[in-house]
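Visitor: Produce the complete structure using the sequences and hints provided.
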Amino acid sequence: MKSLRLLHPDRVRLERSGVPENRRFYLAEPDGTLFTAARHGPVVAIVPEYDAASERLKLRFPDGAIVEGDVSRGGQGVTTDFFGRAVPGRMLEGPWAEAFSSYVGQALRLVRVDARGDGNDDAPVSLFSTASAEELARRSGRPEALDSRRFRMLVEVAGCEPHEEDRWNGTAVRLGEAEVKVVGFVGRCVITTQSPSTGHKDLDTLKAIKAYRGMQGKSIRFGVYADVLEPGTIGVGDPVVPQ
Numbered sequence: 010m011k012s013l014r015l016l017h018p019d020r021v022r023l024e025r026s027g028v029p030e031n032r033r034f035y036l037a038e039p040d041g042t043l044f045t046a047a048r049h050g051p052v053v054a055i056v057p058e059y060d061a062a063s064e065r066l067k068l069r070f071p072d073g074a075i076v077e078g079d080v081s082r083g084g085q086g087v088t089t090d091f092f093g094r095a096v097p098g099r100m101l102e103g104p105w106a107e108a109f110s111s112y113v114g115q116a117l118r119l120v121r122v123d124a125r126g127d128g129n130d131d132a133p134v135s136l137f138s139t140a141s142a143e144e145l146a147r148r149s150g151r152p153e154a155l156d157s158r159r160f161r162m163l164v165e166v167a168g169c170e171p172h173e174e175d176r177w178n179g180t181a182v183r184l185g186e187a188e189v190k191v192v193g194f195v196g197r198c199v200i201t202t203q204s205p206s207t208g209h210k211d212l213d214t215l216k217a218i219k220a221y222r223g224m225q226g227k228s229i230r231f232g233v234y235a236d237v238l239e240p241g242t243i244g245v246g247d248p249v250v251p252q
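Take the sequence shown: its letters are residues 10 to 252, numbered as in my numbering.
These are calculated hints, taken from the structure and not from any lab test.
Take these hints with a grain of salt, some might be off.
[As the list claims (entries may be wrong)] Simulated DEER-style distance windows between Cβ atoms:
{"#": "1", "residue 1": "M224", "residue 2": "R176", "range": "18 to 26 Å"}
{"#": "2", "residue 1": "Q85", "residue 2": "K227", "range": "30 to 38 Å"}
{"#": "3", "residue 1": "K216", "residue 2": "E64", "range": "41 to 49 Å"}
Here a beta-carbon is modelled for each residue, glycine too, at the ideal position from N, C-alpha and C.
Guide: In structure tokens:
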């Protein structure tokens, strides 16, 4: 689910639209305006559990409260602007609106996208390297490693040079059973400055990245986007081979 606590399955199926369960749900204001952790960081402390087979969603809130229910049927149709892209969906009925609205302090709705993959910000796959996060920590003068969850990427690759993934732009990369094509760079936002556990700002990543990587137009880049050329299963420990 977009903006909530990240989940880390050992293996996922990568389809042309991305991971089928990824970002199938998002938060919106009653008029359909997109609501993300950029506006209220502590939503990352809510842990979602979605069972696609039974169409059940469970939410664990920081105070221990659990809200769960069926998410197979949507109610009112809505179209949300995802950074210039119109995404149709359905506002879900049930306990969701009350739970989220109470937690955040403003009226919110839980929305399910009509089409798989529409909840992605851009391309279906986002990717970066552990070495890039380590380099940012070094440049920031931090003695400890950065929690890479703050970048909210789908795939993290070990064994690379810092920002080696930038050089893969325009090329195909084998990820386990799947193959993707890197198609562009990820522009970062304020969410990367927030703790991935609490949502509170704890590091000015944007200033640090800009200081040693500069800006490309209006974008502060960190990581890459990719399209899926060949679907397949990918998992922790699988080889990553630029073609």
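Visitor: A separate judgement is required for each hint: does it hold in the structure or not?
Guide: Hint check results:
no. : hint                    : result
1   : M224 / R176: 18 to 26 Å : holds (19 Å)
2   : Q85 / K227: 30 to 38 Å  : holds (35 Å)
3   : K216 / E64: 41 to 49 Å  : holds (43 Å)
Hint compliance for this structure: no hint is broken.
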